[in-house]
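So you can see what is in the structure, the chains are spelled out below.
Protein chains: 4
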Amino acid sequence: MSPLVTPSNVQRSDRHQNRARMLISCPDRPGIVAAVSQFLSKHGANIVQSDQYTMDPEGGLFFIRLEFDLPELEQQLASLKRDFAETTAREFAMEWRVTQASRKQRLAVFVSKEDHCLLELLWQWKSGDLYADIAMVVSNHPDMRDTVESFGIPYHHVPVTPETKKEAEAKQLELVRDVDTVVLARYMQIISPTFIAQFPNRIINIHHSFLPAFVGGKPYAQAYDRGVKIIGATAHYVTEELDGGPIIEQDVQRVSHRDNVEALKRIGRHIERIVLARAVAWHAEDRILTHQNKTVVFN
Amino acid sequence: MSPLVTPSNVQRSDRHQNRARMLISCPDRPGIVAAVSQFLSKHGANIVQSDQYTMDPEGGLFFIRLEFDLPELEQQLASLKRDFAETTAREFAMEWRVTQASRKQRLAVFVSKEDHCLLELLWQWKSGDLYADIAMVVSNHPDMRDTVESFGIPYHHVPVTPETKKEAEAKQLELVRDVDTVVLARYMQIISPTFIAQFPNRIINIHHSFLPAFVGGKPYAQAYDRGVKIIGATAHYVTEELDGGPIIEQDVQRVSHRDNVEALKRIGRHIERIVLARAVAWHAEDRILTHQNKTVVFN
Amino acid sequence: MSPLVTPSNVQRSDRHQNRARMLISCPDRPGIVAAVSQFLSKHGANIVQSDQYTMDPEGGLFFIRLEFDLPELEQQLASLKRDFAETTAREFAMEWRVTQASRKQRLAVFVSKEDHCLLELLWQWKSGDLYADIAMVVSNHPDMRDTVESFGIPYHHVPVTPETKKEAEAKQLELVRDVDTVVLARYMQIISPTFIAQFPNRIINIHHSFLPAFVGGKPYAQAYDRGVKIIGATAHYVTEELDGGPIIEQDVQRVSHRDNVEALKRIGRHIERIVLARAVAWHAEDRILTHQNKTVVFN
Amino acid sequence: MSPLVTPSNVQRSDRHQNRARMLISCPDRPGIVAAVSQFLSKHGANIVQSDQYTMDPEGGLFFIRLEFDLPELEQQLASLKRDFAETTAREFAMEWRVTQASRKQRLAVFVSKEDHCLLELLWQWKSGDLYADIAMVVSNHPDMRDTVESFGIPYHHVPVTPETKKEAEAKQLELVRDVDTVVLARYMQIISPTFIAQFPNRIINIHHSFLPAFVGGKPYAQAYDRGVKIIGATAHYVTEELDGGPIIEQDVQRVSHRDNVEALKRIGRHIERIVLARAVAWHAEDRILTHQNKTVVFN
Numbered sequence: 001m002s003p004l005v006t007p008s009n010v011q012r013s014d015r016h017q018n019r020a021r022m023l024i025s026c027p028d029r030p031g032i033v034a035a036v037s038q039f040l041s042k043h044g045a046n047i048v049q050s051d052q053y054t055m056d057p058e059g060g061l062f063f064i065r066l067e068f069d070l071p072e073l074e075q076q077l078a079s080l081k082r083d084f085a086e087t088t089a090r091e092f093a094m095e096w097r098v099t100q101a102s103r104k105q106r107l108a109v110f111v112s113k114e115d116h117c118l119l120e121l122l123w124q125w126k127s128g129d130l131y132a133d134i135a136m137v138v139s140n141h142p143d144m145r146d147t148v149e150s151f152g153i154p155y156h157h158v159p160v161t162p163e164t165k166k167e168a169e170a171k172q173l174e175l176v177r178d179v180d181t182v183v184l185a186r187y188m189q190i191i192s193p194t195f196i197a198q199f200p201n202r203i204i205n206i207h208h209s210f211l212p213a214f215v216g217g218k219p220y221a222q223a224y225d226r227g228v229k230i231i232g233a234t235a236h237y238v239t240e241e242l243d244g245g246p247i248i249e250q251d252v253q254r255v256s257h258r259d260n261v262e263a264l265k266r267i268g269r270h271i272e273r274i275v276l277a278r279a280v281a282w283h284a285e286d287r288i289l290t291h292q293n294k295t296v297v298f299n
Numbered sequence: 001m002s003p004l005v006t007p008s009n010v011q012r013s014d015r016h017q018n019r020a021r022m023l024i025s026c027p028d029r030p031g032i033v034a035a036v037s038q039f040l041s042k043h044g045a046n047i048v049q050s051d052q053y054t055m056d057p058e059g060g061l062f063f064i065r066l067e068f069d070l071p072e073l074e075q076q077l078a079s080l081k082r083d084f085a086e087t088t089a090r091e092f093a094m095e096w097r098v099t100q101a102s103r104k105q106r107l108a109v110f111v112s113k114e115d116h117c118l119l120e121l122l123w124q125w126k127s128g129d130l131y132a133d134i135a136m137v138v139s140n141h142p143d144m145r146d147t148v149e150s151f152g153i154p155y156h157h158v159p160v161t162p163e164t165k166k167e168a169e170a171k172q173l174e175l176v177r178d179v180d181t182v183v184l185a186r187y188m189q190i191i192s193p194t195f196i197a198q199f200p201n202r203i204i205n206i207h208h209s210f211l212p213a214f215v216g217g218k219p220y221a222q223a224y225d226r227g228v229k230i231i232g233a234t235a236h237y238v239t240e241e242l243d244g245g246p247i248i249e250q251d252v253q254r255v256s257h258r259d260n261v262e263a264l265k266r267i268g269r270h271i272e273r274i275v276l277a278r279a280v281a282w283h284a285e286d287r288i289l290t291h292q293n294k295t296v297v298f299n
Numbered sequence: 001m002s003p004l005v006t007p008s009n010v011q012r013s014d015r016h017q018n019r020a021r022m023l024i025s026c027p028d029r030p031g032i033v034a035a036v037s038q039f040l041s042k043h044g045a046n047i048v049q050s051d052q053y054t055m056d057p058e059g060g061l062f063f064i065r066l067e068f069d070l071p072e073l074e075q076q077l078a079s080l081k082r083d084f085a086e087t088t089a090r091e092f093a094m095e096w097r098v099t100q101a102s103r104k105q106r107l108a109v110f111v112s113k114e115d116h117c118l119l120e121l122l123w124q125w126k127s128g129d130l131y132a133d134i135a136m137v138v139s140n141h142p143d144m145r146d147t148v149e150s151f152g153i154p155y156h157h158v159p160v161t162p163e164t165k166k167e168a169e170a171k172q173l174e175l176v177r178d179v180d181t182v183v184l185a186r187y188m189q190i191i192s193p194t195f196i197a198q199f200p201n202r203i204i205n206i207h208h209s210f211l212p213a214f215v216g217g218k219p220y221a222q223a224y225d226r227g228v229k230i231i232g233a234t235a236h237y238v239t240e241e242l243d244g245g246p247i248i249e250q251d252v253q254r255v256s257h258r259d260n261v262e263a264l265k266r267i268g269r270h271i272e273r274i275v276l277a278r279a280v281a282w283h284a285e286d287r288i289l290t291h292q293n294k295t296v297v298f299n
Numbered sequence: 001m002s003p004l005v006t007p008s009n010v011q012r013s014d015r016h017q018n019r020a021r022m023l024i025s026c027p028d029r030p031g032i033v034a035a036v037s038q039f040l041s042k043h044g045a046n047i048v049q050s051d052q053y054t055m056d057p058e059g060g061l062f063f064i065r066l067e068f069d070l071p072e073l074e075q076q077l078a079s080l081k082r083d084f085a086e087t088t089a090r091e092f093a094m095e096w097r098v099t100q101a102s103r104k105q106r107l108a109v110f111v112s113k114e115d116h117c118l119l120e121l122l123w124q125w126k127s128g129d130l131y132a133d134i135a136m137v138v139s140n141h142p143d144m145r146d147t148v149e150s151f152g153i154p155y156h157h158v159p160v161t162p163e164t165k166k167e168a169e170a171k172q173l174e175l176v177r178d179v180d181t182v183v184l185a186r187y188m189q190i191i192s193p194t195f196i197a198q199f200p201n202r203i204i205n206i207h208h209s210f211l212p213a214f215v216g217g218k219p220y221a222q223a224y225d226r227g228v229k230i231i232g233a234t235a236h237y238v239t240e241e242l243d244g245g246p247i248i249e250q251d252v253q254r255v256s257h258r259d260n261v262e263a264l265k266r267i268g269r270h271i272e273r274i275v276l277a278r279a280v281a282w283h284a285e286d287r288i289l290t291h292q293n294k295t296v297v298f299n
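Protein chains in written order, with the UniProt record's numbering: chain A, 1 to 299; chain B, 1 to 299; chain C, 1 to 299; chain D, 1 to 299.
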């Protein structure tokens, strides 16, 4: 079926052809910023954005995210990366990566029955607010097929039962083998350690509570029982600890005794979809560094 | 030392001489509102404010808070209460109470070394925003004496050590025997079950986290380790379960990786004092009903 | 084209067959609550929710919204209304209305080119969160036809030019003659006094600023120029004064110097759609009373 | 009278002896970051924090705030500044300044009758949260003398009447001649253009509304009349246009129809004092650059 929608072609200045992003982490010591900016300057690059953070100023870790423009980036990038690896990166024992801003990450979105988070991503993608390539939607249910295909996006129904868990996962891993990031948009199946190992800090989940409160199942019912006056949602990278991975973003909304569990779910949906969309956008813009089960988000 | 400050005499309309507050809870059934308003009407009272809430509409509990004006309230109140007890309250198996709005609750504020919550209460009391009588401040340290006495409020230094816990508590209970409500304004000692039993739902504590996350000690350090993007504070009634009692009020503030533990404490202080002050004010205005470890706040 | 989506059939308890809503405003005086609840009680109705508000307690206006259950409401309602009109309403000089909670309001949504507010309404309608009947979408552009029709909702393209304004309006008024409420979901044409007169307090507009700041055109550019640190959106009833009608709901989001006008629009879209959706839902649930260019929202 | 309180000696790492802050603005062009970091590196300085912002990436203005450590800063600073002026600053046509982080700004706080903003500043100063020197409090009323002097801070009562405006201002200017920044903490007198000219972008005012809404007098009454659902406060630099200067910080709080003007004032006070305190702290930490009646806050 021909798509009802096509992504908009927003040409924002921070995504143009010669824009690159560099993320670095290394042991803190004097001279890092000077060394990096000198390196880039020598290679004809102009730094247009820079955010840094030092964890524990008395000798801890240093993180920096730079955006720079380099004429003919496409052709120059490989040699720039080679030079950097052999000089500055080695000298400062850096972990680092450089990506082209114009390159869209390929995302696979996993969904079960609740569609609000998926819809938010689809519409943000369509409007150009989410600068990424939604390569596919994978679901253990068939319900969302028509909607997803109306966006011109492939839909894969992969049923999961306790007996077929392993085969289902194998099928999923095959589907996402060329994907950069997996987004669990209220996908209710547990992701296995095998799967997680293939996508370290590249699986983003939305948990429908304000972590670390109410981990696990039925968080809105848990919130209702505790009588909290504020509920929230949390987007995080998936690790082997259920709902325990590095938190990327959270947001909240006030509630009162008048809100029963159904109302909490209804209010919570709006928070969930906004929080997940922010997290996915920041991840797609290479704004997140992870360290010791926490994130540094340069936004 | 003569006080530097005296409480302001704000005569707000909802605290005048003939204003009363009635709180009722009973099993839900048809006719409650009609019965109560007819009763009050027959006794010459005019209902000026009414808030109700039915927990579980299919046969659950009914809660209502009314404010009414009754000419010559002072003289009429006793007989009105007697009549209500013998008629409507009995008929509907009500738990209820009626208080005079002009009557100020007597509060005892307990504090340790952190003074921000106490100061907020003192200044709100002085400005008339907190309509209550701060009868005394009790502390296990001597630090706040001068400040508290400059407000014209008695200060009692009751040191507490592991060996003297029992005697200290006995002294405290003696001091607060005529007090309506105890406010723990970052008071760091554990309140014993004996003490709690004397003040059921009448001890308000401020816990410096967004419950149920980070119960117990050093919640800001816990929050820092978890890498949350939002911190908060919670005011609750004290029960035997540490930080587990009914939540009265919560609020939050956004933080980022830039905020170390000291910064979290600094940001958190503002939330703590505002949240505690709100909770104490609502309690002083008889706006809170408690049921099944949760509160219904009519505000 | 057969719809991709059908509205869910959420049977929430506050919308069942025997539930009615009553809104009253009248000069404040003793006995109103008693009179109304006695009346309802005599007619066999059970009050399940009650919210009141007195503007200016020293002799001002009294407002109350009640929800009550009446067995066989459908058959009883007409006579109950007749009796109320002749007795209590007359005695207290009340303005009042009673509606059946199960009856869905018929809405017409007007849209121009920005689709986010419309989409939010469509998805909330589909999920059952918005309990109303979206009878049609009217637009001065053809762009949204496919999307709207995929929801099974009629789409009317009514172009508007300076020369054809009058005919266009005549056509619109004809289309909406059986509609309860008109929702302007980022509809960019000015509504004429004639149109407004047909729908007093029944046209809800979303203005993309935090009123009364930045009325009129290009509010995000205005906000950017003023260098505000917070932007917002406002839902209000349309009156003859542009962006001057009674405010129903507002919300805000923090921004910084990093956000240029395009970013402000992007951030603002999320606020606009949530604020409009809340306002429309409250209006559909008969939660809003208007007085002196302000709203009382019983929520 | 000996002070009841003395400021705490918090030695935060970002205020130690060898820490300096550099703020720069200049026309944007390639190489700025490299040039500045090379300069600092050559002079033995280590950049520990860097925030930049380019207004209008296609050839606009560039802003950067750096924090760097330089051994023996006290002795080295003068020559570093001289060198910078003659080389990099000249080359890039920079406007710039460098200050020592350990140096406290001298503040004069002006107050009228409302004391909440002043008290917030005094307590934040006392706790060490506000790293500045409150050199004096100036007021057109005598009311706050005892409180201010209890903090060990000089209090100057300078009455102002229409006839004595000029002399009063002359007296104030004489008092504040050695002061860095004037903070108007709900000071209700208009500041003259003469005064403003002496303190360009160095007078911080708190206006009790969410600008640009409700400029001028009685903003809470204005807000009440407009029926807004959210109120706020704004801290800004004072310019000749009343309430029109560059906005530094704003915050808001939700209100409802239940809140009359007195309630709005009460709720508003908490926002005012927090917003003013944040703005003053950022200013004291040299985090604010101003351009075209807007601020860039590096926080």
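A couple of the hints might just be wrong.
To be verified - Under the rule of at most 30 Å between Cα atoms (straight-line distance), these lysine-lysine pairs were calculated in the BS3-like manner:
1) A/Lys42 x D/Lys81
2) C/Lys218 x A/Lys126
3) A/Lys166 x A/Lys126
4) C/Lys113 x C/Lys265
5) B/Lys265 x A/Lys294
6) D/Lys42 x D/Lys166
7) A/Lys218 x A/Lys113
8) A/Lys104 x A/Lys171
9) C/Lys104 x A/Lys265
10) C/Lys218 x A/Lys113
11) D/Lys42 x D/Lys113
12) B/Lys104 x B/Lys294
13) D/Lys113 x B/Lys104
14) B/Lys42 x C/Lys218
15) C/Lys42 x B/Lys81
16) A/Lys126 x C/Lys42
17) C/Lys218 x D/Lys171
18) B/Lys42 x C/Lys42
19) B/Lys126 x D/Lys81
What the hints assert, rightly or not - In silico negatives: residues of chain B with every beta carbon more than 12 Å from chain A:
20) Lys42
21) Lys81
22) Gly244
23) Gln292
To be verified - Beta-carbon label-pair distances, calculated as ranges:
24) B/Ala170 x A/Gln292: 44 to 52 Å
25) D/Ser256 x B/Gly60: 51 to 59 Å
26) C/Asn293 x B/Gln292: 53 to 61 Å
It should be emphasised that the hints constitute simulated quantities derived from the structure, not laboratory data.
Idealized CB from N, CA, C, for every residue including glycine.
Structure-based check of all given hints:
1. A/Lys42 x D/Lys81: 26 Å, holds
2. C/Lys218 x A/Lys126: Cα-Cα ~24 Å, so holds.
3. A/Lys166 x A/Lys126: The hint is violated at about 34 Å.
4. C/Lys113 x C/Lys265: Distance of about 14 Å is within 30 Å: holds.
5. B/Lys265 x A/Lys294: 19 Å, holds
6. D/Lys42 x D/Lys166: 52 Å, violated
7. A/Lys218 x A/Lys113: Roughly 15 Å between the alpha carbons, so the hint for A/Lys218 and A/Lys113 holds.
8. A/Lys104 x A/Lys171: 24 Å, holds
9. C/Lys104 x A/Lys265: Roughly 22 Å separates the two Cα atoms, so the pair holds.
10. C/Lys218 x A/Lys113: Cα-Cα ~39 Å, so violated.
11. D/Lys42 x D/Lys113: 53 Å, violated
12. B/Lys104 x B/Lys294: OK: B/Lys104 and B/Lys294 at ~25 Å, within 30 Å.
13. D/Lys113 x B/Lys104: 27 Å, holds
14. B/Lys42 x C/Lys218: 59 Å, violated
15. C/Lys42 x B/Lys81: 26 Å, holds
16. A/Lys126 x C/Lys42: Violated - the C-alpha atoms of C/Lys42 and A/Lys126 are around 57 Å apart, more than 30 Å.
17. C/Lys218 x D/Lys171: Violated, at roughly 46 Å.
18. B/Lys42 x C/Lys42: 16 Å, holds
19. B/Lys126 x D/Lys81: 50 Å, violated
20. Lys42: 30 Å, holds
21. Lys81: Given that every Cβ of chain A is farther than 12 Å from that of B/Lys81, nearest at about 26 Å, it holds.
22. Gly244: Violated, because the least Cβ-Cβ distance between B/Gly244 and chain A comes to about 9 Å, which does not exceed 12 Å.
23. Gln292: The claim is violated: B/Gln292 sits with its nearest Cβ about 8 Å from chain A, within 12 Å.
24. B/Ala170 x A/Gln292: 44 to 52 Å: 47 Å, holds
25. D/Ser256 x B/Gly60: 51 to 59 Å: Roughly 27 Å apart at Cβ, these two residues miss the hinted range, so it is violated.
26. C/Asn293 x B/Gln292: 53 to 61 Å: Given a distance of about 43 Å, which is not inside 53 to 61 Å, the answer is violated.
The structure is inconsistent with the numbered hints 3, 6, 10, 11, 14, 16, 17, 19, 22, 23, 25 and 26, although it conforms to all the rest.
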